[in-house]
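Visitor: Sequence:
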Amino acid sequence: MRGEFAYVTTNSITQGDQVPRLFGPLQDAGWHVKFAHRTFAWTSEAPGKASVHCVIVGFTRQPAGKARLWDYSTPESKPEPVSVGTGVNAYLVDGPEVLATAHQSRVNPQLPPVTFGSTPRDGGHLIIKPDEHAAFMADPIASKYVRRFIGATEMLHSKDRWCLWLVDLDPADPPRSSLLRERIDAVQKWREESSSPDANAAAATPHLFWWRSQPDVDYLCIPSVVSARRRFYTAMRLPAETISSNAVFTAPDPDGLAFAAVSSSMFIAWQRATGGRMKSDLRFSSTLTWNNFPLPRLEDKEKADMIDAGAGVLAARELQPEKTLAQAYDPRSMNDALVKAHARLDRVIDKIMGAPRLLTSERQRQEYLFARYAELTA
Numbered sequence: 119m120r121g122e123f124a125y126v127t128t129n130s131i132t133q134g135d136q137v138p139r140l141f142g143p144l145q146d147a148g149w150h151v152k153f154a155h156r157t158f159a160w161t162s163e164a165p166g167k168a169s170v171h172c173v174i175v176g177f178t179r180q181p182a183g184k185a186r187l188w189d190y191s192t193p194e195s196k197p198e199p200v201s202v203g204t205g206v207n208a209y210l211v212d213g214p215e216v217l218a219t220a221h222q223s224r225v226n227p228q229l230p231p232v233t234f235g236s237t238p239r240d241g242g243h244l245i246i247k248p249d250e251h252a253a254f255m256a257d258p259i260a261s262k263y264v265r266r267f268i269g270a271t272e273m274l275h276s277k278d279r280w281c282l283w284l285v286d287l288d289p290a291d292p293p294r295s296s297l298l299r300e301r302i303d304a305v306q307k308w309r310e311e312s313s314s315p316d317a318n319a320a321a322a323t324p325h326l327f328w329w330r331s332q333p334d335v336d337y338l339c340i341p342s343v344v345s346a347r348r349r350f351y352t353a354m355r356l357p358a359e360t361i362s363s364n365a366v367f368t369a370p371d372p373d374g375l376a377f378a379a380v381s382s383s384m385f386i387a388w389q390r391a392t393g394g395r396m397k398s399d400l401r402f403s404s405t406l407t408w409n410n411f412p413l414p415r416l417e418d419k420e421k422a423d424m425i426d427a428g429a430g431v432l433a434a435r436e437l438q439p440e441k442t443l444a445q446a447y448d449p450r451s452m453n454d455a456l457v458k459a460h461a462r463l464d465r466v467i468d469k470i471m472g473a474p475r476l477l478t479s480e481r482q483r484q485e486y487l488f489a490r491y492a493e494l495t496a
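Numbering (our numbering), first residue to last: 119 to 496.
If you are wondering where the hints come from, they were derived from the structure by calculation, not from laboratory data. Do not take every clue at face value.
[Stated by the list, open to error] Straight-line Cα separation of at most 30 Å, DSSO-like style, residue types lysine-lysine; simulated pairs:
| hint | residue 1 | residue 2 |
| --- | --- | --- |
| 1 | Lys469 | Lys421 |
| 2 | Lys458 | Lys421 |
| 3 | Lys196 | Lys152 |
[Said to hold, decoys possible] If you anchor each label on the Cβ, the simulated ranges turn out as follows:
| hint | residue 1 | residue 2 | range |
| --- | --- | --- | --- |
| 4 | Thr127 | Arg265 | 39 to 49 Å |
| 5 | Arg265 | Pro439 | 17 to 27 Å |
| 6 | Gln438 | Arg265 | 22 to 32 Å |
| 7 | Thr405 | Ala358 | 40 to 50 Å |
| 8 | His251 | Pro197 | 50 to 60 Å |
| 9 | Glu311 | Pro258 | 27 to 37 Å |
| 10 | Ala159 | Ala252 | 42 to 52 Å |
| 11 | Asp278 | Phe234 | 14 to 24 Å |
| 12 | Arg265 | Ala444 | 19 to 29 Å |
| 13 | Glu359 | Trp160 | 23 to 33 Å |
| 14 | Asp278 | Ala322 | 52 to 62 Å |
Note that CB positions come from ideal geometry on N, CA and C, so glycine has one too.
The whole structure should be built from the sequences, with the hints applied where relevant.
Guide: What follows is the structure in structure tokens.
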């Protein structure tokens, strides 16, 4: 059957796991993108002028003709034609017709596995608030088990929070510390009275977090969600003694390779193209964005260069210790040294991805990313 049709729809159909759900069956049925308009603002004529971000995607089964593509420098700008070499794929990128679907294994096994941080499911009784911290640290028994507890908010905004991490609890200690004993008893009671069968089962070990995935080496801490305004995905390396919550992802990263990868412009370009969204913010996924990140197999020198450039980013951050991570990465006021450190990292990774020089736009990087993805998953 021949024919043509087009969608005028919200741009969510070209983001995250929506893409293979829609475009997979269309491609299987022989449909291909004939033309597309990337994200633009559609303003209602109704009072209040509600605005949504839309795309237009036209499909054909005709094999002839080069696909056409228009871009908008901002959603409110006028459309500008884009030169298309390979074709327009489901992500509205000039590149091969591939779909990134969730995978349990990584395209590049040199990158470490990523998982959710640890989940207390404790009614809040294993968590220590700032106004409780002094009392726990004054207790010689309880203080042995106090650990800094980091979620996305704490990491990005330098907020203080702690927890009781009792995986190595000495059974003789709770009777000697009323603080410990009261907290453990409260967790047990909360879990026993919970409507969740998982929480009920965890009542047998009330001193432990319900889900524990804490690395035993220095690790990468990745926020589940970051602002779409960020130029880079703002992650942080942490020592094994700092416990990460389920509001972040973690990856063992003793050498800093994972930090370098996630801090690059290549990664956030991949994230924007294939990752999900929470409202307009970028939502990280271990199986969709991280496991599919098409970083080619690294030679020893390439790996060393990435690690060294990543260390340079960390050093540049330390030049402004008074700033939170969110402040340091405000796109309106990033420090020149930090910008230069990221540019150095980008030169290394752009070259590894096959670019002859430092790339200057996200769309350029996405073209290389999809080309590498097609090669690595062929």
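Visitor: Does each hint hold? Answer for all of them.
Guide: We went through each hint and held it up to the structure:
| no. | hint | in the structure |
| --- | --- | --- |
| 1 | Lys469 - Lys421 | holds, 12 Å |
| 2 | Lys458 - Lys421 | holds, 20 Å |
| 3 | Lys196 - Lys152 | holds, 20 Å |
| 4 | Thr127 - Arg265: 39 to 49 Å | holds, 47 Å |
| 5 | Arg265 - Pro439: 17 to 27 Å | holds, 22 Å |
| 6 | Gln438 - Arg265: 22 to 32 Å | holds, 26 Å |
| 7 | Thr405 - Ala358: 40 to 50 Å | violated, 24 Å |
| 8 | His251 - Pro197: 50 to 60 Å | holds, 55 Å |
| 9 | Glu311 - Pro258: 27 to 37 Å | holds, 32 Å |
| 10 | Ala159 - Ala252: 42 to 52 Å | holds, 51 Å |
| 11 | Asp278 - Phe234: 14 to 24 Å | holds, 22 Å |
| 12 | Arg265 - Ala444: 19 to 29 Å | holds, 23 Å |
| 13 | Glu359 - Trp160: 23 to 33 Å | violated, 50 Å |
| 14 | Asp278 - Ala322: 52 to 62 Å | violated, 31 Å |
Violated hints, in rising order: 7, 13 and 14; the structure is consistent with all others.
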